[in-house]
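Trainee: Sequence:
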Amino acid sequence: VLPSRSGPPTVAGRWWLLPSPAEDATQRAHAQAEVLLERHGVVTRGAVTSERLPGGFTPVYQVLRAYEEGGRCRRGYFVEGLGGAQFALPGAVDRMRAMAPSIAPTGGEGAWTSEAGASGVSEGFGRGGRVGAGRRAVVLAAADPASPYGAALPWPQRPADVGHKPGRKAGSLVVLVDGHLILYVERGGKTLLSFADDERLQPAVDALALAVRDGALGKLTVERADGTSIVESPLAAALEAAGFHPTPRGLRLRA
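Residue numbers (our numbering): 2 to 256.
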């Protein structure tokens with residue numbers, strides 16, 4: 002007769018205590034610093050804060066300062082307005098120096114003085130590239146490290162009662178033209194926010210349409226822009242010029 006049990010045999014078999022994994026805080030901090038340098042190109046307090054790392058910026062700063070003293074990275078005032086605690090790998094610094102002669106002074110609030118994606122970590126959605134009069138437009142995930150907005154840079158100011166608020170949210174997109182934030186696309190593509198109404202708007206919309214045609218985004222149906230119906234928005238003309246067509250729900254473009 003088999004012995005009876007009062008409950009299910011959930012602890013049957015042989016058991017023994019495994020040793021706890023050794024956690025070296027120094028090794029972990031060095032690994033985090035190396036990942037940040039590769040991911041962001043230029044590591045700033047804002048970039049580290051956006052990662053929500055335990056301990057915040059202080060432990061990362063200590064490692065980066067040691068890296069600077071050892072010649073593994075460089076510290077400098079690479080991007081205007083982001084403070085003196087900026088660190089980058091030598092390769093990233095050399096690339097920024099090579100790009101500097103071709104970057105015109107921006108002077109605009111919330112504009113990155115270096116080209117977005119300078120670290121080379123992302124090529125964006127679709128082919129991107131230069132559109133219009135030599136302008137470079139790129140579509141990125143809002144949380145992509147290649148986009149500094151909401152991390153190293155604050156989001157550009159908007160009227161509090163117009164549209165929703167941008168954020169580094171999963172599924173949301175940003176469209177940058179020459180490093181300037183021009184469009185924010187909410188997850189699902191139903192709503193847009195615009196941050197310019199000049200000649201940069203059409204290249205941004207064209208880049209978004211190109212990403213759809215390349216199959217990176219699937220279909221896109223825009224219903225609202227800047228808090229109003231898309232048919233009443235100035236963005237409607239730019240979207241239709243890029244190939245979006247009217248539907249009962251809004252302006253749509255398929256791959």
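Do not rely on the hints blindly, as some may be mistaken.
[What the hints assert, rightly or not] Computed Cβ-Cβ distance ranges for the label pairs, DEER-style:
1. ARG66 / PRO155: 21 to 31 angstroms
2. LYS170 / SER230: 36 to 46 angstroms
3. SER21 / GLY216: 24 to 34 angstroms
4. TYR78 / PRO55: 48 to 58 angstroms
5. ALA171 / ALA32: 17 to 27 angstroms
[To be verified] In silico DSS-like cross-links for lysine-lysine, where the CA-CA straight-line distance does not exceed 25 angstroms:
6. LYS220 / LYS191
7. LYS170 / LYS191
8. LYS166 / LYS220
9. LYS170 / LYS220
10. LYS191 / LYS166
These are calculated hints, taken from the structure and not from any lab test.
Beta carbons are placed, not taken as given, at the ideal position from N, Cα and C, and that holds for glycine.
Trainee: Which of the numbered hints above does this structure break?
Mentor: 2, 3, 4
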